[in-house]
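Kindly produce the complete structure, drawing on both the sequences and the hints.
2 protein chains.
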Amino acid sequence: MDKKQKILIIGAGLSGSLLALRLAKKGYLIDLRESRKDLRITNISAGKSINLAFSDRGIKALALAGIMDQVMKICIPMKGRLIHNLDSSVFFSPYSGRGDKHINSISRGDLNAILMNEAEKLPNLTITFESECKKVNLKKNTAHFYNAKTEITEKVKAAIIFGADGAGSALRKSMFLQREILFSFSQQWLKHGYKELSFPAANNGGFLTEKNALHIWPRGTYMLIALPNIDGTFTVTLFLPHSDAKYSFETLNTSDKVLQFFKEQFPDALEIMPNLVEEFNTNPVGALGTIKCSPYSYKGKTLLIGDAAHAVVPFYGQGMNASFEDVTVLFKYIDKYENKALNNAEIWSKIFYEYEKERKKDADAIGDLAVENYFEMRDHVANDLFKKKRALEMKLEDAYPDRYFSKYSRVTFNDSMPYSVAKKIGNAQDKAFLNLIEDDVINENTSVKELFDKVKQKTDEIIA
Amino acid sequence: MDKKQKILIIGAGLSGSLLALRLAKKGYLIDLRESRKDLRITNISAGKSINLAFSDRGIKALALAGIMDQVMKICIPMKGRLIHNLDSSVFFSPYSGRGDKHINSISRGDLNAILMNEAEKLPNLTITFESECKKVNLKKNTAHFYNAKTEITEKVKAAIIFGADGAGSALRKSMFLQREILFSFSQQWLKHGYKELSFPAANNGGFLTEKNALHIWPRGTYMLIALPNIDGTFTVTLFLPHSDAKYSFETLNTSDKVLQFFKEQFPDALEIMPNLVEEFNTNPVGALGTIKCSPYSYKGKTLLIGDAAHAVVPFYGQGMNASFEDVTVLFKYIDKYENKALNNAEIWSKIFYEYEKERKKDADAIGDLAVENYFEMRDHVANDLFKKKRALEMKLEDAYPDRYFSKYSRVTFNDSMPYSVAKKIGNAQDKAFLNLIEDDVINENTSVKELFDKVKQKTDEIIA
Chain B
88 MDKKQKILII GAGLSGSLLA LRLAKKGYLI DLRESRKDLR ITNISAGKSI NLAFSDRGIK
148 ALALAGIMDQ VMKICIPMKG RLIHNLDSSV FFSPYSGRGD KHINSISRGD LNAILMNEAE
208 KLPNLTITFE SECKKVNLKK NTAHFYNAKT EITEKVKAAI IFGADGAGSA LRKSMFLQRE
268 ILFSFSQQWL KHGYKELSFP AANNGGFLTE KNALHIWPRG TYMLIALPNI DGTFTVTLFL
328 PHSDAKYSFE TLNTSDKVLQ FFKEQFPDAL EIMPNLVEEF NTNPVGALGT IKCSPYSYKG
388 KTLLIGDAAH AVVPFYGQGM NASFEDVTVL FKYIDKYENK ALNNAEIWSK IFYEYEKERK
448 KDADAIGDLA VENYFEMRDH VANDLFKKKR ALEMKLEDAY PDRYFSKYSR VTFNDSMPYS
508 VAKKIGNAQD KAFLNLIEDD VINENTSVKE LFDKVKQKTD EIIA
Chain Y
88 MDKKQKILII GAGLSGSLLA LRLAKKGYLI DLRESRKDLR ITNISAGKSI NLAFSDRGIK
148 ALALAGIMDQ VMKICIPMKG RLIHNLDSSV FFSPYSGRGD KHINSISRGD LNAILMNEAE
208 KLPNLTITFE SECKKVNLKK NTAHFYNAKT EITEKVKAAI IFGADGAGSA LRKSMFLQRE
268 ILFSFSQQWL KHGYKELSFP AANNGGFLTE KNALHIWPRG TYMLIALPNI DGTFTVTLFL
328 PHSDAKYSFE TLNTSDKVLQ FFKEQFPDAL EIMPNLVEEF NTNPVGALGT IKCSPYSYKG
388 KTLLIGDAAH AVVPFYGQGM NASFEDVTVL FKYIDKYENK ALNNAEIWSK IFYEYEKERK
448 KDADAIGDLA VENYFEMRDH VANDLFKKKR ALEMKLEDAY PDRYFSKYSR VTFNDSMPYS
508 VAKKIGNAQD KAFLNLIEDD VINENTSVKE LFDKVKQKTD EIIA
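Keeping their order, the protein sequence lines are chains B and Y. Quick note: the first sequence uses this note's numbering, first residue 88, plus one each step. Quick note: the second sequence uses this note's numbering, first residue 88, plus one each step.
Wrong hints could be hidden among the right ones.
Since copy identity is lost for identical chains, a pair holds within one copy or between any two.
To be verified - Cross-link-like lysine-lysine pairs, in silico, BS3-like; alpha carbons within 25 Å at most:
no., residue 1, residue 2
1, K447, K333
2, K444, K333
3, K350, K124
4, K93, K222
5, K386, K113
6, K447, K379
No lab work stands behind these hints: they were computed from the structure.
Here you go:
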């Protein structure tokens with residue numbers, strides 16, 4: 088393939104920067120554009136969550152880009168969920184019965200900075216900031232950019248255009264509006280929104296609560312979570328209905344009501360939230376949506392990747408990992424085709440076609456899994472049946488580390504299993520477990536051997 | 088309620104005209120706008136199917152508007168499906184074991200004309216043609232109209248704006264683009280498109296094939312259907328993949344290939360299609376999509392209705408009937424609230440809120456049912472298992488006319504059962520039937536009493 092043809096990547100967020108880095112390392116000529124200011128110079132967080140869950144699929148993708156040594160340094164391991172009850176008692180629910188498995192809390196900004204720094208080292212790559220894509224002319228393969236500061240509009244022509252421009256993607260909108268494409272599209276909003284809050288660091292720079300856990304205060308129709316940051320603070324997120332509920336962002340409209348709500352519902356959290364009211368009144372309410380679409384590409388010339396193709400809600404901690412995995416999957420097909428004796432257009436057409444054929448079903452699956460986990464995290468985590476199941480699953484994962492995997496493990500720690508397969512097996516297995524516990528076929532006295540066989544048999548039945 | 092406040096209805100198609108007629112009959116002041124020319128003067132059919140299936144839910148809605156006497160005169164009863172095999176043999180599959188039940192073929196244009204004529208008789212209603220809605224300003228409740236002939240743009244302010252402007256609704260687009268609304272939206276295209284063709288009338292003005300049936304040539308991945316018109320012609324529709332198949336609109340690209348395809352696949356139809364090649368080369372390929380959205384309304388001031396809220400594919404023959412039923416359901420809440428001692432804004436808010444609460448799940452259900460039937464009509468109708476099931480169901484409907492209803496009957500002939508309930512029971516019942524036949528628990532020798540009990544029991548099990 089002729090690598091001197093320009094590749095334009097819209098969006099220097101997490102997936103755009105990783106894609107740019109990997110393509111540039113292969114020698115492609117990359118024009119990477121970002122609508123916002125350089126986050127390494129200016130502090131930007133508007134509309135983006137501050138820290139994220141980073142796990143195996145993401146790690147695999149960054150290892151393939153050769154940057155995991157650096158990234159490891161900004162990871163805080165979280166070994167399980169620390170559930171906070173109403174009476175302030177807690178219990179710890181490990182993510183896996185295999186002791187070594189954990190997920191990580193990571194700063195979105197710091198990770199993005201590493202990706203950009205690495206990308207900028209390469210001579211065949213440029214990053215242009217404050218260059219906002221307004222639309223893409225698909226026939227001419229030109230993208231229209233606008234700089235709000237200079238008020239200059241620029242048309243950029245490229246051989247290939249990647250849309251890594253997030254949930255509000257301008258490329259996706261252009262594909263949606265192009266009548267000639269039968270563009271299937273879905274955006275679904277949850278009735279819950281979110282607001283980011285914080286726990287401060289301890290005076291000594293340490294942590295005011297357990298560092299190596301994802302904290303959850305599950306309360307049925309609302310929930311608080313907290314993830315650690317390397318400076319000792321925690322980013323705390325309140326998930327609450329927008330409206331139409333006793334407690335909602337609409338009804339919590341005075342400082343007193345906010346304080347009263349936290350006092351009743353999250354008393355132990357409130358103790359370490361000196362700035363609660365100020366943060367609550369200042370920080371915006373975010374919306375939680377799932378986006379699915381198809382096709383991802385147009386005539387082998389443009390491709391949607393990351394959130395632009397499949398925004399997901401945050402309840403499986405897989406949004407960033409799924410976007411990074413897009414790049415892993417895409418490179419499988421770039422590697423397969425780039426040296427074939429075909430012209431560039433034919434090569435990219437094949438790459439994009441096979442990429443979507445593999446990836447679409449998995450991106451849809453993680454979108455569904457994340458919505459399903461929205462209900463599980465809010466509700467089931469604190470439910471007795473769920474706790475019994477979780478305890479039995481931990482026993483199984485401990486006894487059969489290479490043979491038994493919970494749904495969570497399949498999704499999170501099994502990066503060779505596609506999301507769609509993890510979803511199918513995982514959901515059947517969960518159903519099997521709950522049925523067997525409810526019918527008292529299995530309980531805490533069942534031997535692990537019998538437990539394994541019973542669950543396996545029932546799961547196979549359900550899948551069949 | 089103050090009825091002198093202007094109500095704007097965008098779109099004088101089937102649902103817009105019916106809504107306008109019923110509101111005007113109640114004394115409301117109606118401004119009805121249509122983007123196209125008056126179809127009573129100019130022959131317009133572009134992008135719209137010529138005839139439609141008209142059944143109980145639609146009939147109920149038009150009876151409530153007091154126009155069924157007129158409409159009956161343009162109905163052609165279709166008592167079942169006449170299936171045409173590859174060898175040109177046929178078999179008849181009645182829509183119901185109850186002899187009196189049938190659906191109707193009706194001309195979209197003639198029906199729309201009746202609705203407009205009736206509406207125009209009322210002094211408090213005006214229809215303006217060639218007035219195309221470009222967008223709606225939701226904050227100001229103004230709609231922007233454009234007349235392509237005069238090139239005049241007009242802003243219309245109204246107390247209430249209804250979007251009855253079809254699948255491409257300008258009101259829906261304005262709601263989609265308004266960031267403040269969390270507008271969930273989905274458009275899903277089938278891989279099949281359609282093309283309209285025809286059978287001419289006989290020389291004596293009669294019909295060249297059975298008049299009182301919906302003709303189907305099911306061929307697995309493609310299908311031909313034909314519905315009668317009152318002038319003796321049939322409107323024939325070919326459903327075929329757009330591409331990526333041996334036979335597709337992409338591959339049938341010469342007159343010879345088209346002729347050969349029909350000769351092989353639809354030989355008996357070809358015999359009465361003297362203009363096949365000309366029609367095939369002239370008529371456009373249409374796309375088949377399902378649209379779902381929520382919310383339907385904005386602050387009690389605008390409401391989406393008909394295809395604008397829920398476009399469905401044509402495979403259950405319910406698109407028009409569902410849109411008419413919207414009006415029936417809406418009036419349930421207008422009747423409930425219009426005389427309450429509240430201000431107009433409060434009344435319309437309550438009406439729109441309760442309307443969507445009832446209607447959304449049913450509109451979604453008929454959208455899903457229509458896609459499911461896309462597979463059934465193409466494939467299963469000619470399948471042995473399906474034929475056995477259909478024969479046994481006919482026996483049951485005949486023996487228990489008031490107790491047994493097939494899924495098709497529940498959807499089509501049971502206008503007091505919401506679509507969502509028809510879908511749930513109907514799908515369980517279909518599954519029960521197929522399981523019982525496959526396991527040979529029921530067959531043609533089973534007594535009707537036993538048949539009824541077995542199917543009922545299994546259906547209840549599946550629902551539970």
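Verification of the hints:
no. : hint           : result
1   : K447 with K333 : between (38 Å within a copy, 24 Å between copies)
2   : K444 with K333 : between (45 Å within a copy, 19 Å between copies)
3   : K350 with K124 : neither (39 Å within a copy, 64 Å between copies)
4   : K93 with K222  : within (18 Å within a copy, 38 Å between copies)
5   : K386 with K113 : within (23 Å within a copy, 54 Å between copies)
6   : K447 with K379 : both (9 Å within a copy, 21 Å between copies)
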